[in-house]
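A.B. asks: So the protein lines, in turn, are chains C and U. First residue of the first sequence? That's 0 in numbering that gives the first Met the number 0, and the numbers climb one at a time after it. First residue of the second sequence? That's 0 in numbering that gives the first Met the number 0, and the numbers climb one at a time after it.
Read the hints as simulated data drawn from the structure, not as lab findings. All of these numbers come straight from a predicted model, not from anything done at the bench. None of the hints are false.
As a list, the in silico BS3-like pairs of lysine-lysine whose alpha-carbon atoms are at most 25 Å apart:
| # | chain 1 | residue 1 | chain 2 | residue 2 |
| --- | --- | --- | --- | --- |
| 1 | U | Lys-664 | C | Lys-259 |
| 2 | U | Lys-667 | U | Lys-679 |
| 3 | U | Lys-518 | C | Lys-255 |
| 4 | U | Lys-36 | U | Lys-222 |
| 5 | C | Lys-249 | U | Lys-664 |
| 6 | U | Lys-664 | C | Lys-13 |
| 7 | C | Lys-255 | U | Lys-667 |
| 8 | C | Lys-130 | U | Lys-417 |
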Amino acid sequence: MGHIRLGQLPRTRKWRDVVELVAAGADVPQVANATINAAESAFSFVNNDSGYNQAVWLMTQLGLAAGQEKPLDYLRSQGINIPDNTSLPGVAVALTEALDNHSAANGGHSDLGELAQRALVDAVIQRMEPKLRQQSLFNMQAHDTQQALAEFRKPNEFGHLSREFYSRLTNECMNYFLSQTLATNLGAGQRFPTTNQMAQFEQALSTHCREASAIVEQFSNEWFSKHRYEEKGNISRESVQGFASWALKKMKDELKAGAKADGQ
Amino acid sequence: MASERYIICGDTKATVPAESEADALQLHLYGAEDEHKITLQIDDIRTQMYKEVPARFHDLLDIATYVFAADQAIERGARDVETFGGNWRRRLHFVVPVGDVEFWRSDKVKQCLQATLGFLSDDHYEFDFVPISQRPSFQGFLNFNDKGAMLGFPEQVIMFSGGLDSLGGAVEEIVNQKRRVILVNHRPTQKLDKRYQAIREGLDAKAPNNPPCHIRVMVYKQKWMNKEYTQRTRSFLFVSLGATIANMLGQSNVRFYENGVISMNLPVCAQVVGGKATRTTHPRVLHGFQTLLSMIADHPFTVENPFLWKTKGEVVSLIAKSGCPELIRPSISCTHTWEMTKEHSHCGTCSQCVDRRFSIIAAGAEQHDPLDQYTVDVFTQSRQKNEKVHEDKTLFASYLERANQVDRFTGATQFLAKYGEVARALPYLNGDPGASAQRCYELYKRHAAEVNAVIDKMFTLHGPAIRQRTLPADAMMRIVYESNLPTSVPVVPVYQEQMPDNVFRRCGGAWQVRFKGQKAFTVLPWLGASYIHYLLVSPNEARPCIDIVCSTAIDFCDQAINAKEAIDEGLQSASNPMLASLGDISDWKAIKEYRATAQELLIDIENARRDNNNVLEQQYESDLAMITAKINEAVGIGGKLKQAKDKRKNIRDSFRNNVKRVIEKQIKDTDPALAAHLEKAILYGNTSRYVPEDGLTWETRPVKND
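So here's chain C without its partners, still in its complex pose (with noise of 0.2 Å):
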């Protein structure tokens, strides 16, 4: 490890509630409760973050990508440039540069923002790796990535990409806020009396995510079909932000809503 410098919660009553709940043994439904309570002040930033809209506008037009006759040179207009003989790793390559000048043009980076990329080459990864099992992942040719790219014109792939990128984001937003209380509490006596026990504790945590992302995923491709066909194969910047607000919105509501005693 190089020099690294952590955070620190703010010292309000909600953040010392989180920080209680993790030492006094809360499940992690009632401590992502907590922390989503207590982070409203930093969800406020969130829809004028240009990092995390360009990571939601980006997927998009992978969706668009997909209809397209030649997917590769759409994205190239759309400052996405992926190479024609690309492995899954220039993919992401791709993206992750695609971003970074975005945010560089777009008044810098944020923490959200480089979450959401960390999020968005998951996704793509995760989604793209399948379909391309039968070939070769690190040497693939221009026929490979265009054939893997069109695979997002399938009905519901939309969705699945989308929740992919939410259940990667929000988990990533949960550990940025938990990771130092969670290892506050490591050793003997304390919640995590081993680091296997604080493991367990965040791939619960993880899985909680990943459950709750659920509801993105319908939604995600009714908005998507809805947008594209009603602004002729073209989803304006605007909706694609007002998407990501809402999307946002509705995993943080889901989330609160996992911690309710009667699971509804």
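Assemble the complex: chain C is given as a structure, and chain U must be docked to it using the hints.
C.D. replies: Relative to the frame of chain C, chain U by itself:
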């Protein structure tokens, strides 16, 4: 992102926007010895080497020094996570006088400089270049101290920090390849001088025919400038000096030596975002330096990291196999240099100490890195109890967990999906992104294997202490030991309680709550939760608030008195004097008597004055003042009698407010049905009562971990 800060360098008369004028930073490298002065000092360099320094390299050194000084003088914002790093990143606007204005103002150069620095320190940079009016000679500005120690013409310039990686690089170049090199060393503190001297003498002894030339660089600035310790731009100053020296020697290459894991520095946990993990030698940064230096030199210039595909353990092995293991001891990895003492050169808790110790053991070189150098043994001792303890704990837990995760990965795509940041390094690794991703994966896989092998080795070494639980609670070897492994599952099934439908009981430091068979949840140990528990213990029984409040207070004082016994043993309402009505402070009969006495005293005072009896007069006046005070104390506005404060009412209100607060803030959101039930079933007053629906019973006994 924070508001823009202007840094006005040299004697420039720049126009700063009114809103930024107040906090604009003034810096200058030469001229008056005032509080804005910074000095770059380079030791031990031969006179011949700086004879023909091109103006652009001189400009580069100016820019790098100003950037480095401003990086430390301008603090990053608060560390809270609520702004998603908005306070971490700074907007820095430099106005720098340079010799070759046309060159520095060109779009290509400016963009390259801004983008490289932006990625390096995770800030936003703007540069305005203005013509320099006058500049002293290079020698005067650099404050050279010529000792002329070089034997023969040097072949390579190496950035030398004094850590294990750069030591490995020096050994490889000097001892194994027998090359003549210049080691450029930035000296952050004089504390390291003796250790650096030991390395220097060691290297000289190993290579009598090609002893390296050592150039140490110091930046002197005023104390007030030392505000931000992260110093992310250090490598820019470092490489600028190295490249200038290389250029003076007619070379077109400088080398950093850093192991690939630290060079790419992929985040160990979610909170480590962007430049919060240092990018000193990140492939993209080195590529940026290379592009910039090529433009400055006007010919191809390379900046390399030959250890990019090595782990730190492999570097330590290289040092040992090259016959230089004794040089490991004086090398310094710790970043907490302020904690360094003569006895302990390493803190043993920072991330670099953890990584060093793992690498040393992985390479089997423990005998060359004695434990007594460490304030805390990484594996068996408690973390220091200071404010950094949580950060250290987070980092070492994440370090171990990442090794576990990577070890379980079955392919490079899993690695790339988990660590998306690697995509930022792939374009700069001189190959196809797919092939480079595979190499990164293999590098991290080898590193994970090293870490896990060390843990296994430590288990063997400290087995008895782990088994006997004699290690401190937060010692690394204790927290990685999982006694609940499948192999340790008892043969006889453990009894597992079937949780009753209605539960309100102590569980550890908090309350476990369940209502009508729904999902159990945790209620934090607020006062109101204890009050509710008291009521649920005895449904339908009237309980004086004072009893519950006092009993809870006793519980909180951690006295060994059972709550119910406490009530039985003297806190009953009937016998408690606090419950007696305190009534009015005084009554009308007493007030009338006070008034009569006061009137008599007035007459007595008149008489004493008439008789010139000063003693009596003073005594009567004193009595009158006392009587008047009594009347004022007892009679309020409008002539009404004042009431004594009713402690019982305070307690009653406090009881009710605390119960309602727990229901509202902790229960209602999670279990609205329970909140509604409690609101309906709890009756408040001087005595409170829980009146549940028919047949509703609660499990209130605490959870015990037998």
